[in-house]
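Assemble chain W onto chain E, guided by the hints.
There are 2 protein chains.
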Amino acid sequence: MSDQSGEILKRAKAGDLQGFARLLTLLEREGPTSFNRFPELLEAQKPAFRIGITGPPGAGKSTLIGRLIGRFRERGMKVGVMAVDPSSPFSKGAVLGDRIRYTAHFGDPGVFIRSLGSRGSLGGLSASAYLMVRAFDIAQFDVVLMETVGVGQTELEIMNVADWVSVVLVPESGDSIQGMKAGLLEIADIFVVNKGDRPGADAFAHELESSLLLDPRGPSKPIRVLKTTALTGEGLDAFLDGVDQVMKGEEWKQRRVAPARIRAEAKALLRNQLERQIDVKAQTVSSPRDFLSLFSK
Amino acid sequence: MSDQSGEILKRAKAGDLQGFARLLTLLEREGPTSFNRFPELLEAQKPAFRIGITGPPGAGKSTLIGRLIGRFRERGMKVGVMAVDPSSPFSKGAVLGDRIRYTAHFGDPGVFIRSLGSRGSLGGLSASAYLMVRAFDIAQFDVVLMETVGVGQTELEIMNVADWVSVVLVPESGDSIQGMKAGLLEIADIFVVNKGDRPGADAFAHELESSLLLDPRGPSKPIRVLKTTALTGEGLDAFLDGVDQVMKGEEWKQRRVAPARIRAEAKALLRNQLERQIDVKAQTVSSPRDFLSLFSK
Chain E
8 MSDQSGEILK RAKAGDLQGF ARLLTLLERE GPTSFNRFPE LLEAQKPAFR
58 IGITGPPGAG KSTLIGRLIG RFRERGMKVG VMAVDPSSPF SKGAVLGDRI
108 RYTAHFGDPG VFIRSLGSRG SLGGLSASAY LMVRAFDIAQ FDVVLMETVG
158 VGQTELEIMN VADWVSVVLV PESGDSIQGM KAGLLEIADI FVVNKGDRPG
208 ADAFAHELES SLLLDPRGPS KPIRVLKTTA LTGEGLDAFL DGVDQVMKGE
258 EWKQRRVAPA RIRAEAKALL RNQLERQIDV KAQTVSSPRD FLSLFSK
Chain W
8 MSDQSGEILK RAKAGDLQGF ARLLTLLERE GPTSFNRFPE LLEAQKPAFR
58 IGITGPPGAG KSTLIGRLIG RFRERGMKVG VMAVDPSSPF SKGAVLGDRI
108 RYTAHFGDPG VFIRSLGSRG SLGGLSASAY LMVRAFDIAQ FDVVLMETVG
158 VGQTELEIMN VADWVSVVLV PESGDSIQGM KAGLLEIADI FVVNKGDRPG
208 ADAFAHELES SLLLDPRGPS KPIRVLKTTA LTGEGLDAFL DGVDQVMKGE
258 EWKQRRVAPA RIRAEAKALL RNQLERQIDV KAQTVSSPRD FLSLFSK
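Keeping their order, the protein sequence lines are chains E and W. Heads up: the first sequence is residues 8 to 304, going by the numbering used here. Heads up: the second sequence is residues 8 to 304, going by the numbering used here.
Bear in mind the hints are in silico, worked out from the structure with no lab data behind them. Given the structure is predicted, the values throughout are model-derived calculations rather than measurements. Please note that the accuracy of each hint is not assured.
Unchecked claim - Beta-carbon label-pair distances, calculated as ranges:
no., chain 1, residue 1, chain 2, residue 2, range
1, W, Ser122, E, Asn167, 22 to 32 Å
2, W, Arg283, E, Glu35, 24 to 34 Å
3, E, Ser294, W, Arg36, 23 to 33 Å
4, W, Leu247, E, Arg268, 51 to 61 Å
5, E, Asp286, W, Glu35, 44 to 54 Å
Unchecked claim - Here are the computed lysine-lysine pairs in the DSS-like style, where the Cα-Cα straight-line distance is at most 27 Å:
no., chain 1, residue 1, chain 2, residue 2
6, W, Lys304, E, Lys304
7, W, Lys260, E, Lys288
8, E, Lys304, W, Lys20
9, W, Lys274, E, Lys288
10, E, Lys274, W, Lys288
11, E, Lys255, E, Lys274
12, E, Lys17, W, Lys304
13, E, Lys274, W, Lys304
14, W, Lys304, E, Lys20
15, E, Lys20, E, Lys53
As the list claims (entries may be wrong) - Partial pick of chain E residues on the chain W-facing surface, computed with a CB cut under 10 Å:
no., residue
16, Gly38
17, Leu48
18, Glu50
19, Gln52
20, Arg205
21, Ala208
22, Val232
23, Leu277
24, Gln280
25, Val292
26, Pro295
27, Leu301
28, Ser303
Ideal placement from N, C-alpha and C gives every residue a C-beta, glycine not left out.
So that you can see chain E by itself, here it is in the shape it has in the complex (with noise of 0.2 Å):
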C-alpha cells in the first residue's frame, strides 16, 4: 500500500479524479493518522473554497446546486460536492434531495460528487469527512459545496469547516424556523430565499433582513439575503457575485487556521478515533459488576 499511496497522491495533486477517489479511501481506511503519510492535506497550497449549503428538506438545495455546478464549470472551475446525509436513529436512508439533479454532471471530469452519512455514534460528522474535506484542497478543486439538511450537531460541525455558509429557506419556511432563528444566525453568511416565484417570497425576504436588523447581539457579521429561483437560475448571479467577493478576499483564508476551529476540528477526530476504543471495551461488558475494573482509579 505505501509504495501505492505515493503514486495515488501524486495522480489526486495532477487532478486525476480516479486517483482522488483512490485517496479517499486510503483516508477512509487508515482514518486521522493519515495525516503522518499525507502531510500534505495539513498545509494546502491552494485551498478550494468551501460554500456550505443547508436548509429543511424541499427547499431547493439540490437544484441550486446543480445550477451552481453548472456555473463554476462554465467558468472553468473544478468542482466538489459532498453531501452529508444525517443518519438518525429514527430516518434511516437519504434525507438528501435528489442526486438526480447532479446527474447533468456525471462524467464531467471537473465536477466530484460523494455523499456520506454522519457516522459519529452521536451523530456528528465522521472523521472520513473531515480527511475528505482537506483532501479536496490538494487535489486541485477550486470551489467544494458541502450540502447538509437542518441545524442538529451534523450540520453545526459541517458549518464549523466552511468557508461561507448559505441557508436555503422557500417562504412558506417562515413558521417554522421561528425556534431555530438564532441558531440560524449564528451559521449562515447568507439567507437564500429560494423558490422567490411563490407567493410571500418578498414579505418572508423582508422579514429574514428585519429579523437580522433587530438581533439584540448586533450585527457581529454582515448577513445578506437573496431571493432566488433555482429552477430558472434567477437570482444565482447576486449569489456568485457574494461568493466572488468573499474569495477575493484573504478573510476565509485566516478563519481557517484560527486555533479555536483546528481545535474543534482535533476534538471531533479524536472523538471519531476513541470512539472505536469504546465499542472495543464496552463489548467485553456483560453485567454491571464489570463496570468496576472498566472504571477503576
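Just chain W now, kept in the frame of chain E:
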C-alpha cells in the same frame, strides 16, 4: 472525604434525603470511578421502578408528574423525580415545564426532585445522570419519574435507562408527530393523550391505536393508548393500573440487566470520561501541524 463517604452512604441508604443529596454530590464529583467506592450502586437489592415521561413541550408532562407524585404519596411510596433538560447549542436554559407544579411537594421527606442538564458534549446524557439513576436504587425510593423533552439523543439514552416509558401527547400533536412516529413506537410503552377534554382527543387516540395495529414490524410489544386530563386527574387511575401491572412482573428487572443495555450504559460512561481527555488534548493544538503528533501511530 473517604471517612465521610461511609456515613453519607449510610444515611442515604436509610432514606435520609439530605444524605442522598450529598451522595449525589460525591458521585458527581468523582464520576464513574465511584463504582469502586460504592459497589452497592451496581446491584440494587430493591430497585426503584423508573417511569420515563417524554413528549413535546406543552403536552402537560409537568402537570402529569405533579399528579403522579401525589398519587404515589397517597400510597406511601417514596418518589424521586429527575428532569433532564436537553441543553441545545441554540436553546439555552430550561425547556421543561414549570417546576412550580412540583412545589406542592417541597419539604415532603418522601419526595426528591432534581433537574439536570444533559452535558455530554454531543448532547447525550451526562455520567452524573447515569450515576444518579442508580443511586435512587439504594436510597429506599419506590419509583423514579424521569422527565425529558422530545426524541433527541438525550431522550433515546434516558429511555434506555427507564423501565417503562410513557410518551405524553396532546390532541393537536397529530400533525407534528408524523415524522417521528416510528421513533416514538420504538421507545413508548404507553401513549398518553393528555388534555383529553379538548376537541379531537378521541379521534387522535383512535388514530394512534390504528397506527399501532398497522405497524409493519408487527406488535413487538403491547403499547397502550390512554386518554388523560392531568389538570383534573382524569385517566390517572388507568395510568397507575398500568404501572402496577408492570411493576408486579419480573420482566422489567430482567430488561434492566440485559447485556445490551449494560453495554449502552458502559459506552455512555466511557464516552463521558474520554470527553475530558479530548478537551485536554485538543487544548495542545494551535495549528494543523499539531495533528501530526496528535494522530501519530
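Unsatisfied constraints (hint numbers, rising): 5, 11, 19, 20, 21, 22
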